[in-house]
Each structure stands twice: as structure tokens, then as C-alpha cells.
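Number of protein chains: 2
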Amino acid sequence: MELLKQRIKKDGIVKAGNVLKVDSFINHQIDIELMNEIGKEFKRIFSDAPINKILTVEASGIAAAVIVAQYFNVPVVFAKKSQSINIDGSVYSTKIESFTHKRVYDVIVSKKYLSPSDNILVIDDFLANGCAVDGLIDIINGSGATLCGVGILIEKGFQDGGKRLRARGVRVESLAIVDAMNDETGEIVFRH
Amino acid sequence: MELLKQRIKKDGIVKAGNVLKVDSFINHQIDIELMNEIGKEFKRIFSDAPINKILTVEASGIAAAVIVAQYFNVPVVFAKKSQSINIDGSVYSTKIESFTHKRVYDVIVSKKYLSPSDNILVIDDFLANGCAVDGLIDIINGSGATLCGVGILIEKGFQDGGKRLRARGVRVESLAIVDAMNDETGEIVFRH
Numbered sequence: 003m004e005l006l007k008q009r010i011k012k013d014g015i016v017k018a019g020n021v022l023k024v025d026s027f028i029n030h031q032i033d034i035e036l037m038n039e040i041g042k043e044f045k046r047i048f049s050d051a052p053i054n055k056i057l058t059v060e061a062s063g064i065a066a067a068v069i070v071a072q073y074f075n076v077p078v079v080f081a082k083k084s085q086s087i088n089i090d091g092s093v094y095s096t097k098i099e100s101f102t103h104k105r106v107y108d109v110i111v112s113k114k115y116l117s118p119s120d121n122i123l124v125i126d127d128f129l130a131n132g133c134a135v136d137g138l139i140d141i142i143n144g145s146g147a148t149l150c151g152v153g154i155l156i157e158k159g160f161q162d163g164g165k166r167l168r169a170r171g172v173r174v175e176s177l178a179i180v181d182a183m184n185d186e187t188g189e190i191v192f193r194h
Numbered sequence: 003m004e005l006l007k008q009r010i011k012k013d014g015i016v017k018a019g020n021v022l023k024v025d026s027f028i029n030h031q032i033d034i035e036l037m038n039e040i041g042k043e044f045k046r047i048f049s050d051a052p053i054n055k056i057l058t059v060e061a062s063g064i065a066a067a068v069i070v071a072q073y074f075n076v077p078v079v080f081a082k083k084s085q086s087i088n089i090d091g092s093v094y095s096t097k098i099e100s101f102t103h104k105r106v107y108d109v110i111v112s113k114k115y116l117s118p119s120d121n122i123l124v125i126d127d128f129l130a131n132g133c134a135v136d137g138l139i140d141i142i143n144g145s146g147a148t149l150c151g152v153g154i155l156i157e158k159g160f161q162d163g164g165k166r167l168r169a170r171g172v173r174v175e176s177l178a179i180v181d182a183m184n185d186e187t188g189e190i191v192f193r194h
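Protein sequence lines correspond, in order, to chains F and P.
Number 194 marks the last residue of the first sequence (our numbering); no jumps.
Number 194 marks the last residue of the second sequence (our numbering); no jumps.
Okay, chain F solo, but in the shape it has when bound:
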């Protein structure tokens, strides 16, 4: 998606340790207009899929997921990190290792909100090693729902998550794939 790539080139900041900061427009401050264009693009890409629910994981996936959901006219479910007293015991759960935070989270979805009749689009802001998506697929599989595809805003093509998921047969659609970046020059190379 050209608009997103251009915005990443303009406002993304490359940091040491393969960190790409996009917190001025995606995951701390959110450019709602850009998110709407992203929503339209995912609807175009997945227009053939019978999606009836969008699944993401808190916190940074939520903004994209709810805007995207408007174009599919479906509800969003977000997986929650760690047990909350507001969640019943009846949950699907998995563990997700966060690349950003260098820790492992317990992630849960109430059994009430996923069922075998659901056709799920997973939405997340980043795909790097794929741990978050692995966890969400785990939860989807546990529920008997069908995974229609995974929509990612920014894939780090130099990490193996996307490659591994596609090799498993998962339909992964990333709006921008970064194949290389350099924290000294700030250069970001996108896959064409």
C-alpha cells in the first residue's frame, strides 16, 4: 500500500535492535484518516472472504482492528493480556512472546466470543517473528472457528514470521513489507 509505505518513509524512525518506531501515526498517536485508508485496502484485499469477525490482541492492534471492522461491518474481539477479574473462567488461552517488550504474556479470549461458525480475519499492526499471530491462530483453532486470513500493517520481512506462516498455508496480507532497515542512515527498504 503506497500511502502507508510513504508515511513510514516520512515518519517512521529506525532504531537499533531492528526497532521501527511508527508511534506518531500507528501505535501511540493514531492517524485516523490513514487508518480508514488501511480499512478500505483490507476490505478490497479480503473482499472474497466470508469474514464475520475480526480478532486482534491488545493494545496496539485494537485501533486498526476497529477501523478495519467498519468496512466489513463485523464485530471486533480483542484478546486480553493476563487474567482480568472481569473475564469468566471459560476462556481460550495461549502464551505470546512480545518482541517489543521482551516478555511472555498470557493471552485470553472468552469462549463466548468465538465459535465454530466464525470466519476470522486477524488484524495486527506488526508482524515480526509471528508470535502474536501464532497465539491468535492457536486460540482460533481451539475455538473451532475458521481463519480466513491475517491482515498486517507492517511486516518485518527480514524476520521469519511471515515466511513461516505462509509456509503453513496461512493467507498473510501485509500492506508494507520492510526487507531491510538501517538505524545509522535511517534507510528503509520495502519489498515490491
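Identical chains blur together in the list; that is why a pair holds if it fits in one copy or across any two.
Below, simulated SDA-like cross-link-like pairs (lysine to any residue); rule was C-alpha separation at most 25 Å, straight line:
| id | residue 1 | residue 2 |
| --- | --- | --- |
| 1 | Lys113 | Phe27 |
| 2 | Lys23 | Lys104 |
| 3 | Lys113 | Ile15 |
| 4 | Lys83 | Asn131 |
| 5 | Lys45 | Arg170 |
| 6 | Lys12 | Asp33 |
| 7 | Lys83 | Asp108 |
| 8 | Lys45 | Phe27 |
| 9 | Lys45 | Pro118 |
| 10 | Lys17 | Thr187 |
If you're looking for bench data, these hints aren't it; they were derived computationally from the structure.
All figures in this text were calculated on a predicted structure; none of them were measured in a lab.
Fit chain P to the supplied structure of chain F, relying on the hints for placement.
Chain P only, in chain F's frame:
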């Protein structure tokens, strides 16, 4: 807001300990259509305010904030819980005690995303003892930005957050104020 009150009566679940579960439509699964009606209502209520940014706190405030932001045509900033390696050192920070999770979070906003020229609408799903809003106001005050008001989906009128904030002169607009609820009968009494 009649639509929201009706939905709370229909799908909200009262639990012991003054817990009102609305996770089937607000903060686990999200009804996007309802959120859009909520966005329109806040735009109507705050149409006189020169709002140029919406501030919320992760995670459950994000969904409402981004949908509401569409009606104001402004960006959203969400305060983050705990230090992330993706946040620069230059942050406004405060502590927020969560009623739901019974713990204290460090909450931060990058100094890049709040400035004295900002006119802020705070959005959150719940207002109970008001700790989250206190924290966000703390951050706004630290930045020199102006607080235009606080938009809440559900206020627990039997806890003192709303009363305390209004006594401080903060404009608090809650779409549904619950004055009493009973976890044995499931009854929910709204303020008129």
C-alpha cells in the same frame, strides 16, 4: 444515551463487587455500530468545544476513542501502561490505580504528542473512582494542553469519580450513569 442504556440493560451483567460486565459489546467484543452511535453522540455533546485531539488509556479505551475521533476528525493518543523500549525517555508519566485489576500502573505519553496548543477530549469506557481520568488530567496538565472535557461511556454514579471531577470544574459527560445495581437480581438503575 437511550441506545446505550438499553444495551446495558439487555447485555450487561452485574457481578459481585460492583462489577458491571459489558464485554459482549464494549471491552472484549466490540459492537462497531454501537460505537459509531456513541461517536455521533459525543460529537453532538461537544460540538461547541475546539477539540483537536482525543486522549485515552490502553487498552479498553482505545476502541471507543478511535471511533469517536472519526466524528471530530482528529488524531487519538493513547497513554501506555508501563515503560516500553519503543518509547523515548521523553515522556509525561503518572500512576493510575485500576479498579478492575486491583493494581497500580505507570502510564506514559510521549512529549511529542501533547503540547500547549492542544485542546483535549478524554475518552474512556468506564468512570468509577476516577483514577484513570485523574491520571490523564495529570498528564494533560504536565503538557500545558487544555482539557476540554471528559467523555465516558458508563459512569458508576455510586462511586465518587464523577462527583469529584465535576466538583473540580471538569466537564464530565457520561452517556449512561448507573446509580445502583444488584448482583442478585441483575437490576441496573440509571440516573435520568
